[in-house]
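Enquirer: Keeping the supplied structure of chain A fixed, place chains B and C upon it in accordance with the hints.
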Amino acid sequence: MAIFKIENLSFTYSGAKSCVLQDINLQIEEGGFYIICGKSGSGKSTLLKLLKKELSPKGNCLGNIYYNGINLMELDGKTSVAEIGFVGQDIESSVVCDKVWRELAFGLGNLGYGDEYIGARVAEVSEYFGLGKVYNSKTSELSGGSKQILAVASVMAMYPKVLLLDEPTSMLDPIAKKSFVDFIARINKELGITIIVVEHNMENLFDLATNIIVLDNGKVVACEKPNTLAQSIADKHFYKYIGLTEFAEIFAKLGGKGVMPCEIKDKRKWITDNFVVKDTTINLHEQTSQQKNVVLFASKLYFKYDKKGADIIKGGSINLREGEIVCLLGGNGGGKTTFANLLTGVYKPYSGKVKKDKDKKIAMLPQNAKGLFVEDTVQNEMYATAKLLKQDKAFADSLVGKFQLGNIINSHPYDISGGEVQRLALAKLFLTKPDIIILDEPTQGMDMQAKEYLKNFVEQHKTVGGSVIIVTHDIRFAASVADRVGLFFDGKISGLREAECFFEDNSLYTTECSILTKNIAKGLYNIDKVVNGLERKPQA
Amino acid sequence: MIEKQNPITILCYLFFVIFITMFSTNPIMLGISFVSGILLYCILCGVKKTLVRLGYFIIFVAIIAIINPIFSRQGMTQLFWIGEFVVTLEALLNGVAIGVIFGSVIIWFGVLNVLLCSDKIIYIFGKFTPKIGTILSIALGLFPKYIVQYRKIDNNLKGLGLYDGASFLSKVKLKMHTLSTLITWSVEGAVLLSDNMSARGYDLKGKRVYGKYTFGVADGILLIVSLALGISILVFMGLGSGSFYYYPTFKQIVWDSSVWIYFATLVFMNILVVINLWEGAKWQFLKSKI
Amino acid sequence: MENKAKLKNLIFYIIAFLIIPTLIILGIVFLPAKNYAVLSIIIAVLCNIPFLLNFEKSKTNTREVVLIAVMVALTVVSRLIFAPLPSFKPVTAMVIITGIAFGGRAGYVTGAMSALLSDVFFGQGPWTPFQMLCWGLIGFFAGILFCDKKIKLWAVVLYSIFSGVLFSVVMDIWTVIAIDNTFNFVRYGEVLLASIPFIAIYIVSNVVFILILTKPFMKKLTRIKLKFDVFDNKKISE
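Residue numbers (the numbering used here), protein chains in the order written: chain A, 948 to 1487; chain B, -9 to 280; chain C, 49 to 286.
Same shape as in the complex, but just chain A (with noise of 0.2 Å):
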């Protein structure tokens, strides 16, 4: 039976001209797993929103949502909250209480259950998901990815049917995004839950899913197995922008037909089947760039915070180049923001040198640049930051045509789009006219097309003659735009090295696409150069 019928459903937020749902019909069976995806403003939220009704936006919604046949509207307030799931994708606001213990037991105190009850609950979700071991902690003490957990633990306390999940793993890194989709795949699997999930970038989640359902301007364009979804699209460029797995953007671009494969063996096998690589010839060079000037450098660092606490930066150094594109990988925790901090001097080594070329300028944008913001609109924030710079604000006008910020200038900083945040901080970092640039984890929380920008924005800054520094866990997008790539782990960066090389030679910490084509081709490491590296073999 469906456990969510969706009739014919439109919504229009109050204030709004057009809707951002138009005659929605979807059927939502037990047990599944279904990701909706979609591009930016393609209804996605709004539609994962309205099915809990504690949630659901102001606006003027049309048609039904029955909730194992009972509407939605009519539905008894204790087993929305306790039935219906809800985690949302902002970890900060994920977990409302100071102590784990707390945190699991909030919403079977609202639920009005007594202390022994409560007690018992508790008890048997922390043992099942283990969290015995942070039941006394505090909840700031916790990482971002065991926070989310918490989140659903906390609501798997209260028995639910079916859990919605907001962009649940966006500002998680690898490691924990991977643990996650685990421990949620877990729960659909052994308990039957339902899972609906919102997400910009399924890489993790495509293979578990029984559906996908993709969104545009609105309406449902498909709802299909992940194996099949590849065809049900005529608008190859379309892929793009979904979040799609590599493998399967590829199949797409070269038009695969079929189911798609899903293990690595057949993946490969399709490859080799159905295509040959055009030049067979690519030599990998190492140092190609190294003739033009090293704008900053560093030589064996030391730093840490307390005098009695141990190194956070252990001997890291790095050499940066005239018109380059520098991307440091490697997990949250190791450092990396730490680092990029000693190289624009907000902290300094106790040993070792940071040395910068006279006439440069650096200047670092900050994870999450959102919170950084303190004005009432997007103009006032670049007029603040001016004045705080002592710029002028033809200068800053001119930033906000340069970073398309023109029709967003008097919205709040805080109502506008992940990617326009983006822009906003980057415009506000250009202020100080910077040469080189450190980009702390910039795609963190993007949707493709901000990452489509960023792409273009840090191409663009390189052929002007800037530097760039990107620190990040996202390999992909390192991929797609580094020169050189270097690992940081352990307190400093371990072999920085050309990209070609460097996802050539790592076996195991490489993008999709390298380890794909390791026995067919050398250096098709992203997906353009997959798509343009290979052609179809002739049909027999």
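Treat the hints with caution; some may be incorrect.
[Unchecked claim] Covered, in the sense of this in silico footprint (three residues per stretch, anywhere, with C-beta under 8 Å from a C-beta of chain A), are these stretches of chain B:
1) 42 to 53
2) 186 to 194
3) 198 to 211
4) 227 to 234
5) 250 to 260
[Stated by the list, open to error] Every beta carbon over 12 Å from chain B, so not counted as near; a handful from chain C, in silico:
6) 65
7) 174
8) 202
9) 238
10) 244
If you're looking for bench data, these hints aren't it; they were derived computationally from the structure. By construction, the Cβ of each residue, glycine as well, lies at the ideal position given by its N, Cα and C atoms.
Expert: Only chains B and C this time, still in chain A's reference frame:
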């Protein structure tokens, strides 16, 4: 052991102890309160911290003992003259007594600080006014996040080079800017947080705040004992037993019926100490048997 | 419906502002052992209760509860941000602004809980109930005087000076009572005199923070109030 006691019981007990201490003028009563307080503090926090507290305590008592004769020129036993002022033994010792009252109260509040951690404060408020309990819990959870965010904003300003060679005034201005940025971020974040709470049923009627602490037999006994002993000690003190005065000269301490009040106070103020030592000894005994 | 709510509020004000002073006087006159220190603590604790209960009974929704918690946490953090400057703290200003933006009830809770929580970090003592009462009342009257009206900045500045003075004066009364166990005007004068420099910095900081923070802060809070439909006083009193 005291950890598992119900917070309301603990609060009730400590209230009585502190009130009795503040009502006392009698040196014996004060001595009992002071020694018991230090003993309990020592058990809870270890010798090192206790010695530090004791150091502050002595300095504090000394200061008040010196200051008091300056203000109070009562008393019969003249010690010496400073210019036109006479310093009397009574005033000096009265100062010591005031210092000890205050010092003991601070020590007992130190005990309270250790015993009533944030969890227990939230529990107590949650039982009486659940909304305040929730507010406290959320605020305690937000606090560390705000500190982290504050550092981030501050670092960003430093990264822009705004702190380099800034004057004191512009540094204060930058701090204001940081605070203002933090306010925007936190106020906007409040909405996401409240959505999350609504999703988990905070809007429902008939909600409760879950507390880990149960009210067991031991709590009941301790509560009854604290109420009975505490109230009776206060009543008898009100009726004049164990009263003491410093001016014009000291009252003689006589060993009459008021001995009972000293005894009762001694027992009352050491309940937690005894329970603690007893359980510690039991543990040692059981361990040695293994 | 509205009349009933008004009546309820009236009863609350009578309890808060008539019964408590009566209690104080009764206590002073009739309590056998005239121990003012104990008496004053009991009274401070008692005074907090009606305000907190009034808040508990009020129809505050989830967003309002969270916003108050946010203001409490912000106030405590703001005390830490300016920790290097002694006595120069934005706490009073933050509490006043909360009162202005969200009304007296929320102002009281924010003030009192900020005092309680900052004492969890900085150490509790017999002064905690007094601080709770003082900051709470500062927030409360800020709400009564300025909430839902057009803000005259000079009036708020005056109010902040007044509350700065009052806070110090009240806290000094407590200091004197604590030391002497009775109220002594000579001693009180001495203590006040000694604390003049602190009071001065305190007042200056109040004025500075009110002048700088009020406008942007109110903008931010008003935006939240409008966007998320909270702290509409007409709606709450229904």
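Enquirer: The structure should be examined with respect to each hint, and the outcome stated for every one.
Expert: Tested hints:
1. 42 to 53: violated (count 0)
2. 186 to 194: holds (count 9)
3. 198 to 211: Check passed, 6 qualifying residues.
4. 227 to 234: With 0 residues closer than 8 Å to chain A, the region 227 to 234 of chain B misses the three-residue bar; violated.
5. 250 to 260: violated (count 0)
6. 65: With a cut-off of 12 Å, residue 65 (chain C) remains clear of chain B, as the shortest Cβ separation is near 21 Å.
7. 174: Violated, since 6 Å does not exceed 12 Å.
8. 202: Fine: 20 Å to the nearest Cβ keeps residue 202 (chain C) off the interface.
9. 238: Check fails; 8 Å does not lie beyond 12 Å.
10. 244: holds (18 Å)
Taken one by one, the earlier hints fail for this structure at numbers 1, 4, 5, 7, 9, listed in ascending order.
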